[in-house]
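A.B. asks: Since the structure of chain A is already known, use the hints to place chain B on it.
Sequence order for the protein chains is A and B. Count along the first sequence starting at 1, add 4, and that's the number in the working numbering. Count along the second sequence starting at 1, add 4, and that's the number in the working numbering.
Bear in mind the hints are in silico, worked out from the structure with no lab data behind them. The beta carbon of each residue, even a glycine, is placed where N, CA and C say it ideally should be. Hints should not be assumed to be uniformly reliable.
[Stated by the list, open to error] The following label-pair restraints were derived from C-beta to C-beta distances:
#1 A:SER378 x B:THR57: 47 to 55 angstroms
#2 A:ASP334 x B:GLU187: 34 to 42 angstroms
#3 B:ASP615 x A:SER517: 55 to 63 angstroms
#4 A:ASP499 x B:PRO341: 36 to 44 angstroms
#5 B:SER87 x A:PHE561: 47 to 55 angstroms
#6 B:ASN253 x A:ASP353: 27 to 35 angstroms
[Unchecked claim] Going by beta-carbon spacing under 10 angstroms, a handful of chain A positions derived as facing chain B:
#7 LEU120
#8 GLY121
#9 GLU161
#10 GLY162
#11 GLU187
#12 ILE190
#13 VAL202
#14 SER366
#15 ALA401
#16 PHE425
#17 HIS461
#18 MET476
#19 ALA603
Protein chains: 2
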Amino acid sequence: MTNQQLAVNTIKGLAMDAVQKANSGHPGMPMGMADLGVILWTEFLKVNPDVPTWADRDRFVLSNGHGSMLLYSLLHLAGFDVSLDDIRNFRQWGSPTAGHPERDLELGIEMTTGPLGQGFGAGVGMAIGEAHLAAKFGSGLVDHRTWGFVSDGDLMEGISYETASLAGHLGLGKLSYFYDDNEISIDGSTDMTFTEDVTARFRAINWHVLDIDGHDHAAIKEAAAASMEVGDQPTLIVAHTHIGHGSPNKQDTSSSHGSPLGDEEIFLTKEGMGWPTDETFTVAPEALELFSNAMDAGRAAYAHWQARTATSDRFAEFEAQHAPVDVSIDGPGFDGPIATRTVTGKIFDEMAAKVPGFIGGSADLVGSTKTQISGSGVMSSEDYSARNIAFGIREHAMGTIVNGLTLHGGLRAYGATFFVFSDYMRPALRLSALMSLPSIWNFSHESIFLGEDGPTHQPVEHLASLRAMPNMWVMRPADAAETIAAWESAFLRSDGPTTILTTRQNLPQIARSSDLGTIAQGGYVVRDGADAILIATGSEVSTMVDAADLLEADDIFCRVVSLPCWEQFFSQSSQYQADVLGSGPRISLEAGSTFGWHAIVGSDGLALGLDRFGASAPMEILAEKLRFTPVAVRNAVRSHLDQ
Amino acid sequence: MTNQQLAVNTIKGLAMDAVQKANSGHPGMPMGMADLGVILWTEFLKVNPDVPTWADRDRFVLSNGHGSMLLYSLLHLAGFDVSLDDIRNFRQWGSPTAGHPERDLELGIEMTTGPLGQGFGAGVGMAIGEAHLAAKFGSGLVDHRTWGFVSDGDLMEGISYETASLAGHLGLGKLSYFYDDNEISIDGSTDMTFTEDVTARFRAINWHVLDIDGHDHAAIKEAAAASMEVGDQPTLIVAHTHIGHGSPNKQDTSSSHGSPLGDEEIFLTKEGMGWPTDETFTVAPEALELFSNAMDAGRAAYAHWQARTATSDRFAEFEAQHAPVDVSIDGPGFDGPIATRTVTGKIFDEMAAKVPGFIGGSADLVGSTKTQISGSGVMSSEDYSARNIAFGIREHAMGTIVNGLTLHGGLRAYGATFFVFSDYMRPALRLSALMSLPSIWNFSHESIFLGEDGPTHQPVEHLASLRAMPNMWVMRPADAAETIAAWESAFLRSDGPTTILTTRQNLPQIARSSDLGTIAQGGYVVRDGADAILIATGSEVSTMVDAADLLEADDIFCRVVSLPCWEQFFSQSSQYQADVLGSGPRISLEAGSTFGWHAIVGSDGLALGLDRFGASAPMEILAEKLRFTPVAVRNAVRSHLDQ
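Chain A with its partners taken away, still in its complex shape (with noise of 0.2 angstroms):
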């Protein structure tokens, strides 16, 4: 036995013990894709396990991440800090072996996976990074591929297609994935419902496509080596593969897919395969030794690396870019009204100049996102330097695309579009926060004052179903200081996600009376008064500030809060949010759904707000039926005080 097949066996002992000890978990495709594993691993993946967060490593992404026991196995055996014990811990409270991969690059993991077809679309994110910072900093600093693995499952999700399509219009030579061709899904054969021509379609968007045995150890080899000789299009490697491979009753079923394969059934896999079957988590000592050697490459090619960062002149500015961020950004003043978007497109130039590392682009809709850096091109396979992607109309590929160029490194990225599709990129959404991941996204046309547009352009819920979700900050500035806050916020934070909410109309630029509290904090008292607390976010600020010079008209005199982000205002001590919020009836306005807001107001409250969806009008005839004029407000507040 060779010592590659030595370590494939190891791995599919590996994989069948874990999940059976765990009584959960997939030993179907890590059985399936060793061999490929073993070989992409000790052959051709350039990583070093001493240091696995280097800049210049090549990135794997296993995108089925439910194949996990396969990454947490090559981990183990390439001296990266997943142990034997963590292994027998597979889906234990705590242990790094969880369900589906967790990032953490310290581990080797270079992303979370499980939902399908998100680490394919953040594999080309991350080739996309490559490409840019190669172009950028030249080959010396930046050389390194993306390698993924990919199933059935990622490529019937169409995001899988958007971020292929891109890849293929971007040519991006150093992108190549293995696709576990088993024929099989969790419902059974594949054949029940995707029964097109794999090859044909992304021969179709400009991939370069490869037909193999992924069990043939020679062929997958030369597959891979092919897949690097072709600079100017990713590569789609159809492995042809079994599922459960060496399984005697289970290999090529869906039963191996998802499920333990069961004491029996494992011992006599591990008969068939000449292992041990007196032992579990057995560990053949010349798989350690293959790839400890295989690994001791790409610690050379650390050495040689480091060796060209100490005569690069360009260095220092490639470190400063990885470094963290903490601008301040000035903007040319703002006086008159002026919506928030165009205030976001004034200040784009200055935060790229500011953030070297600022990279993205919209989903189609730059002019009305205004998210555009003047000083750089529109990136193409011509130019990979520039600045500015244009992502096509595929907010999902745009998600995960920024994902992956943040996972990368060395870029702050952001993707743009209207808030209301921001429900087609949700699954990326939610990873980018699951990840604590940087990522940046800016969502125009955040409430029905997008006007004629109409309810289907129209977020309602939107606010809620993002405040809702852990992790992520969602910003709703009212004017151009909240939105510079909203964008220094975003580069100031590290370990997770933040949304900007910017709008389509003008806004006012407020008048701050008050020195109770800043806008960093995410809630402040814009002006004060004794009667009632008025609160609101957004354009709905400067409505209540005016609905509170109504009612000061009758005696009545308001305190206005503004709760630009509530995930910042409810991290401050509680006196402080006590102080803020003031004692006093409470009353909120926001354009968008009512929801979650009287956690702020109480049950005494009265939150005014959107409980339907929107419609194709003029914005201020919108304001006035839906009761969103400081008029409406103001009378709205008499009648709750009145009671």
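C.D. replies: Chain B in isolation, oriented as in the chain A frame:
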């Protein structure tokens, strides 16, 4: 000028004038697709403006809904109830001519479109619905086509790939889409982002693809006819068009996409096409006559169909299947602990027997969601009569197709997957709510208690995010009785979608000892007590009951309230709500974000839940660590009451 050309010019004029008057909208697409619209509607589309809801009409879907003025113009010319005044009131409050088409069958608007790809996907669902009903009732009662207009934006969205792949797999021969290949998107040339070979890609997924000049009336006619000749493949007609066709300065530019052309350019365009420049909203009488004659063909087809129904022995059954259902589910009786997904599985055949239009499937998780009609096969090109649809790993496709099946009529369609993956289909969920469409969404594995698969698979914010969506009913049943009630409610509902959440884990049957309220009211008292009100949903109701037992041992007597459906509960009288929620300190418990719960527990209440992501571990450990055990709840309640 031919009458068809006069009709084309009429449409172009109406589109330009309406957008100009509204000072917002999209003239470019209607001008570019007017030729296609006129030929399709006057030569092929089988509809009857006198009976717009005729079950056997052809379906027309405008997936690129921003070109709504094309649809309104066609409807006006064809004699549907869209007046010239309605067109003059384009994009105004209360007008049926909204910015994007809003479903109104009486007007001939088949569905709400605007979010790209949704129409493409729903059209596939309509075609599946037609194939299914034709297989069941025969071509005498059901024999119509689904026609659609789609744009580059539709094709770039992943949802179109997902549904197109399934449409190709199913060989839907009665589906024809015209692709408006105008090479222009909002940000400029599609060359910036979309350079794939669309024809080759669609051929790879088993579509019949034709390529024509989209302004050549003879070619359009020939292609539409050719698409009808191919019985075993859907057809994509790639129509090369010019956006803003006829505008001397704005044709072929993105400036004609989403802005008024301006008075001067409208003048020049009208002049160029020989159209009155001294009036607006010109409708050529010949155009009306042309459409009137064409509609006579539809009227005649309707009369023939009526004649066939009179002699069909299947028509009574056909009509019954199109009528509202009032279904009462018996179930086999449930005593011991059982997962609510398993309850669903055990009543599935009964529901299928009682609701003849019940149809649907899961996204490759049928074994996990337990959603299968055992007396029927899996739909395929060999058997359209089957009522189980295998959607593949395509949640978003499932969402749009279920909407399309429901829109088609005669069907009560459902889609099933894990709750966390509802994120992938959120645009379709929203559209079902916006369209007041009674689609049924069944999501299993509805909390962290799915266990070892970990946080990528564990929903947290999803309950809040769906509850915040207008018109979406969210059911989280606590046991078998509540599960049955949830399905009954879903079938009864006619004006909006219902989400039914089911557990992976077993739940005990709740012992109900109070008469205050019923399950169908969305919230009711499970058992009474005076010291505190414990409120929960789903799996946490039995945890609350156990906690109440523990508290009783401490001489604290608690009411336990189950709130399976907030939307139903909040639609009850205030008195009923107050009666059920009682007086006394309120404590809620739910295995999900606490976001939104303060509206129920109040300022002084305690909302127990999960405001973080979950973790990979066995469910018992998760309950322990994340404080969802009866003991942990007892302690939290005691400490809250002691405050």
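A.B. asks: Are the hints correct? Go through all of them and say.
C.D. replies: Going through the hints against the structure:
1. In this structure the hint that SER378 (chain A) and THR57 (chain B) lie 47 to 55 angstroms apart at CB holds, the actual value being about 53 angstroms.
2. Take ASP334 (chain A) and GLU187 (chain B): their Cβ atoms lie about 41 angstroms apart, and the range 34 to 42 angstroms holds.
3. Between ASP615 (chain B) and SER517 (chain A) the beta carbons are some 34 angstroms apart, a value that contradicts the proposed interval 55 to 63 angstroms.
4. A C-beta distance of roughly 40 angstroms is found between ASP499 (chain A) and PRO341 (chain B), which places it inside the suggested range of 36 to 44 angstroms.
5. Distance hint check for SER87 (chain B) and PHE561 (chain A): the Cβ-Cβ separation is about 51 angstroms, which falls inside the suggested range of 47 to 55 angstroms.
6. Distance hint for ASN253 (chain B) and ASP353 (chain A): a CB-CB separation of about 31 angstroms, consistent with the stated range 27 to 35 angstroms.
7. Annotation: interface hint on LEU120 (chain A) holds; nearest CB of chain B at approximately 6 angstroms, less than 10 angstroms.
8. A cut of 10 angstroms between beta carbons decides the hint on GLY121 (chain A): the least distance to chain B is about 8 angstroms, and the hint holds.
9. Restraint check, GLU161 (chain A) versus chain B: the minimum CB separation of about 6 angstroms is within 10 angstroms; hint holds.
10. Here the hint on GLY162 (chain A) is kept, as its CB sits about 2 angstroms from the closest CB of chain B, short of 10 angstroms.
11. About 13 angstroms separates the beta-carbon of GLU187 (chain A) from the nearest beta-carbon of chain B, more than 10 angstroms, and the hint is not met.
12. The beta carbon of ILE190 (chain A) is positioned within 10 angstroms of a beta carbon in chain B (closest approach about 5 angstroms), and the interface hint is therefore held.
13. Checking VAL202 (chain A) against chain B by beta carbon gives a least distance of about 8 angstroms; that is within 10 angstroms, so the hint holds.
14. Of the supplied interface hints, the one on SER366 (chain A) holds, with its beta-carbon coming within about 8 angstroms of a beta-carbon of chain B, less than 10 angstroms.
15. Hint status for ALA401 (chain A): holds, given a least beta-carbon distance of 7 angstroms to chain B, under 10 angstroms.
16. Look at PHE425 (chain A): its Cβ gets to within about 7 angstroms of chain B, closer than 10 angstroms, so that hint holds up.
17. Given hint, HIS461 (chain A) at the interface with chain B, holds; its Cβ is 6 angstroms from that chain's nearest Cβ, closer than 10 angstroms.
18. Nearest Cβ of chain B to the Cβ of MET476 (chain A): about 9 angstroms, under the 10 angstroms cut. The hint holds.
19. Annotation: ALA603 (chain A) was flagged as interfacial toward chain B, and the flag holds, the nearest CB pair being 4 angstroms apart, inside 10 angstroms.
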